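The sequence shown: position 144 = 144 (the working numbering), numbered continuously.
Since the hints were derived computationally from the structure, they do not count as laboratory data.
Remember, predicted model here, so these are calculated numbers, not experimental data.
Among these hints, one or two may not hold up.
Stated by the list, open to error - Just the calculated beta-carbon pair ranges, DEER-fashion:
#1 Gly-454 with Leu-416: 39 to 49 Å
#2 Pro-432 with Ile-31: 41 to 51 Å
#3 Leu-179 with Phe-380: 24 to 34 Å
#4 Ser-485 with Ile-453: 36 to 46 Å
#5 Pro-461 with Trp-392: 38 to 48 Å
#6 Gly-294 with Leu-439: 21 to 31 Å
#7 Asn-113 with Gln-458: 40 to 50 Å
#8 Val-443 with Gly-52: 45 to 55 Å
Backbone N, C-alpha and C define an ideal beta-carbon position, used for all residues, glycine too.
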Amino acid sequence: MPISGRLRNNLSANFLGTGVSGVVALVSAPIIFRALGADAYGMVGVYLLLQGMMVLFDLGLTPGLARAVAWHRGVDGWGQVLTLIRLAERPMFALALAFMLGLMALSGFISRNWLSSAQVPVATIQLLLVLMGAALALRMVAGLQRAALMAIERQPQANLVQALAVTGRTLGALGFALLTGTGVLGFFVVQVPISLLEWWGYRKFLGLALSRSPEPVPRDELRQHIRFGLGVAGLALVWLLASQADKLVLSRLLPLAEFGAYSLGAHIASAVIIAVGPVQAAVLPRLTRLIAGGEESQARSLYGMATAMTVALFAGMVVGIWLAGPAVVSMLAPVAAIDLKPMQVALVFAFGNGAIALVGLAYQLQNARGQLRVHAIGAFVQVVIQVPVLIWVATTSGALATAIAFSAMNWLFVALWIPLVHSRFLNGGNLPWLRQDLLPPLVAGAITGLVLIGMLPQSQPLVVQGVLALLGMGLTAGVTLISHSGMRGYLLGWGASLGS
């Protein structure tokens, strides 16, 4: 059975931890927008943009370490796991410091020449950028510890720390800003100690899990891990261009208030990525071990079930965002004066993020095999085509059209590129995956979602509309999931085992 008890526990822990983190982050976003104002949330959008850029300064250390740790753990190399983590920490500290100092050096130029705000003074914007640099540098180091915890399948601990950190950096920071009357400045002051505590939490749990003596890693294996990490770094640059080009251009073109509305929509749509994250985080270590052990049929089955879970979560989130739209809009008092409507952006981005989730799953398949050359070629081709198109659309047609172009181009990439990846790396090729694993849940999700959107009311009081959104999301995800034969059989077997 491809989903073992340990994997099921990890999935449960990931969904619980990421669910708490995701709900807190997403629910707090419109509250922060309303409480601090559109211009202030524009700075939150800048923070999220810089957070996306962290992968460039990472140089592939975090994903490279995650795969290396999962591989060595699979062959009982616990002492080597500890050595790998210690080796990765040294350059990561240097890279995080470089990120922080670089942003500090550029903060004056960015605040004067790139961002424009009618409400936030230039000096405040510069100070906020400095605080962002310090907080994000600490999160780079914390991310390395989290990746190692996830790779050794200590996922409940990793998710506990993440949930507490997300709550602190959103609701906790907002509470501090409102209680002290410091506004957006107070909000970002809190980010630094929260990031420091997050790093300490991951490190503490990692130390408890690895109470062993370090063992040397063979040089040839170490060189292989380094090459893989550098390859991931190159992919990170390509991914950065593909995923952040629209936000980078629009941060220059739009006033900070409108960029804040655009960022809010994109952030709400990230619910799709947040939802599917636990699936990929739990599946990658097991997929790597199955492939390393030559168990191709088990790996193929696991990949198919992961596809069904990804589609189910994507469909559920799109329906949830659609139904929650009126409730969110009612919370956004400042948005009435802004032409750009964030929930329109959110819905369009949510569709595009579904495509990104499927591409991410195909990437994990190649990652598990340690072969990323094909992915690099595809990502490069995508960037060469997509980035100029997005820049042109952003400069000529505005923010909403940019979101539409982003979504359409990502689905085009799914249709053209994933079949090539599967023909090379997936046991059985693309056609069985398409017939058995993708189309049944995709069709079931679309039909269920459309029926629920047509049936459920969409102009209710805030709490009622929120409950309806959760109901629609859960029903859509559930029906989509059981439309997949493998997941249906697994769930029936699991239910029978619980009843016996």
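Do the hints match the structure? See the list:
Between Gly-454 and Leu-416 the C-beta distance comes to about 32 Å, which lies outside the given range of 39 to 49 Å. A hinted range of 41 to 51 Å holds for the C-beta pair Pro-432 and Ile-31, which are about 46 Å apart. The hinted range of 24 to 34 Å is not satisfied by Leu-179 and Phe-380, whose Cβ atoms lie roughly 49 Å apart. A beta carbon spacing of about 26 Å between Ser-485 and Ile-453 contradicts the range 36 to 46 Å that was offered as a hint.
Look at Pro-461 against Trp-392: about 43 Å separates their beta carbons, and that is inside 38 to 48 Å. For the hinted restraint 21 to 31 Å between Gly-294 and Leu-439, the CB-CB distance of approximately 29 Å keeps it satisfied. Range check, Asn-113 to Gln-458: about 43 Å between beta-carbon atoms, so the 40 to 50 Å window is met. The hinted window of 45 to 55 Å between Val-443 and Gly-52 is violated, with their beta carbons roughly 32 Å apart.
Checked against the numbered hints listed earlier, the structure breaks hints 1, 3, 4, 8; every other hint is satisfied.
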